[in-house]
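Novice: Chains as they are written, first to last, in my numbering: chain Y, 1 to 267; chain W, 1 to 264.
Calculated directly from the structure, the hints in this document are not laboratory data.
It is possible that part of the hints are untrue.
In silico DSS-like pairs for lysine-lysine, Cα to Cα no more than 30 Å straight-line [what the hints assert, rightly or not]: (1) Y:K2 x W:K174; (2) W:K95 x Y:K2; (3) Y:K163 x W:K260.
On a predicted model such as this, the values are computed, not experimentally measured, just so you know.
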Amino acid sequence: MKTSHRLMLLPVVIFFMAFWLLPVSRLLLLPAEQDWRLYFVFLTEARYAWSLINTLGLSISVTLVTLILGAAVGLYLGRRQFPGRQLLLSMLTLPLSFPGVIIGFFMILLAGRQGLVTDITQALGLGRFSFAYGLAGLFLAYLYFSLPRAIAAYAAAAQSMDKAVEEAARSLGANRWHIIRDVWMVQLEPTTSACAAIVFATSMGAFGTAFTLSSKFEVLPITIYSEFTNFANFALAASLSITLGLFTWFALFLTRRKETVSGVANQ
Amino acid sequence: MKRRIQSPGLALVTALVAVFMMVPMVLSISAALVNNYSQGFASGLTLRWLVQVIEIYGQTVVWSVAIAFACVVGNILIGVPAAYALARNPSRWAKTFEEILTLPVAVPGLATGLALILAYGTFRDFRQSYGFILVGHMVFTLPFLVRTVAAAFQRPDLVTMDEAARTLGANFTKRFLGILVPAVLPAIAAGSLMVFTLSIGEFNLTWMLHTPLTRTLPVGLADSYASMRLEVGSAYTLVFFIVVLPMLWLLQWSATLLEKKYGN
Chain Y
1 MKTSHRLMLL PVVIFFMAFW LLPVSRLLLL PAEQDWRLYF VFLTEARYAW SLINTLGLSI
61 SVTLVTLILG AAVGLYLGRR QFPGRQLLLS MLTLPLSFPG VIIGFFMILL AGRQGLVTDI
121 TQALGLGRFS FAYGLAGLFL AYLYFSLPRA IAAYAAAAQS MDKAVEEAAR SLGANRWHII
181 RDVWMVQLEP TTSACAAIVF ATSMGAFGTA FTLSSKFEVL PITIYSEFTN FANFALAASL
241 SITLGLFTWF ALFLTRRKET VSGVANQ
Chain W
1 MKRRIQSPGL ALVTALVAVF MMVPMVLSIS AALVNNYSQG FASGLTLRWL VQVIEIYGQT
61 VVWSVAIAFA CVVGNILIGV PAAYALARNP SRWAKTFEEI LTLPVAVPGL ATGLALILAY
121 GTFRDFRQSY GFILVGHMVF TLPFLVRTVA AAFQRPDLVT MDEAARTLGA NFTKRFLGIL
181 VPAVLPAIAA GSLMVFTLSI GEFNLTWMLH TPLTRTLPVG LADSYASMRL EVGSAYTLVF
241 FIVVLPMLWL LQWSATLLEK KYGN
């Protein structure tokens, strides 16, 4: 590398070392300063193990449902032409820029104590049914957050899908299911794996949504936050952050595409 | 010929998803403008919740915009030269560094926030300033700018242009600022808008880094959701939309423009 290039890289290197590498190395080493067994606290203590299992279960199910719904909507909007299609697509991808706290608040408006669904169920004589603060609310909020990403990705991929392959399959007598399995799913595979990684990683690390809903269903980011803030248990919070970070990093690492910056969105 | 809806199953799913996505937005916007959410439009329209939000949380909007701008400027100043250096060096070392640079995006903001507090929490003046939030946002958004701009610097015609200017005797500073940077301006603009939108909506990291005196828009939002009436929370959400959505549209518009110019 030329000296001039080195000089041009230097500010970023210094900045990145000072405000990310150094702090994160400190975080990585903190549990060891107390007791190296702290690194495995997510395996050894039931409370943290459950928090991790909750988060994994929630993230995996959100990812699966997001992929199915996102692919359906994306395929529909990407391949059909009808008036208002572009408008619908931009409305559905609008929430891309909403922070997770807003989505949490949306759930409160929808199904919180004074929510719309709550009022409707009462009017129907079913009592005040509010599901915002439990697992259902969290699941729907994560789904709301993830869907726009999946829809945008699948719609773009569906537009560039090779129609000739489908035509060929059809004329060879393939039925609808065969086309879905052998033509659509194959052509959309790169989108599916990239989307799955981003949605899974984002759901794992989602803090704002769960925080706003002050959910009864405990997820790992909330556990970390309360260990840090309420109990000043820094080493433990650090250890759980490392566990969480390894999960999200690994999910993204598995399906990384070189040309795109993919990462944890701000849920 | 009778017009038939093709793939009715997909159409139905699309309609249901659209309802699920739209209803909360409509609820939130209408809740911001009615006197009483429970009574709905019957209670009459009002702007008083918006006025109240500006009075209580106006500062957070100003600071969020300021931080987002500072974040863009700071990232351009350090990121654009770095993007050039990375684009001109396809070495393994440079690739690895680019990979490491994207790590803050791959780990949850909560972890980065925690790390910054552990490292700098004792530097009181820094910890209690907006600068603390700014460096967090910069570290998190830097890879988006660097990667977008580095990709643009890799265009082969730029290398030719650079060579031509050099044979004509222009020194490196002149070539960089006069030819190379203007040539990648669309990429810088696209990256900047990305950085801006990410910074202004950032919560996970910012919630860890903020203090009662340093609050941003999303931090204020979370506070209002927890402690204010639904109408105030909704009005505040509406303010967020008004500030952020034009940015997002600009982002999409410039992305299409970029694709038309350089896409294949």
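Novice: The structure should be examined with respect to each hint, and the outcome stated for every one.
Specialist: For each hint, the structure was consulted:
1. Y:K2 x W:K174: holds (18 Å)
2. W:K95 x Y:K2: holds (16 Å)
3. Y:K163 x W:K260: Satisfied, since the Cα-Cα distance of roughly 23 Å is no more than 30 Å.
In this structure, none of the earlier numbered hints is contradicted; all agree with it.
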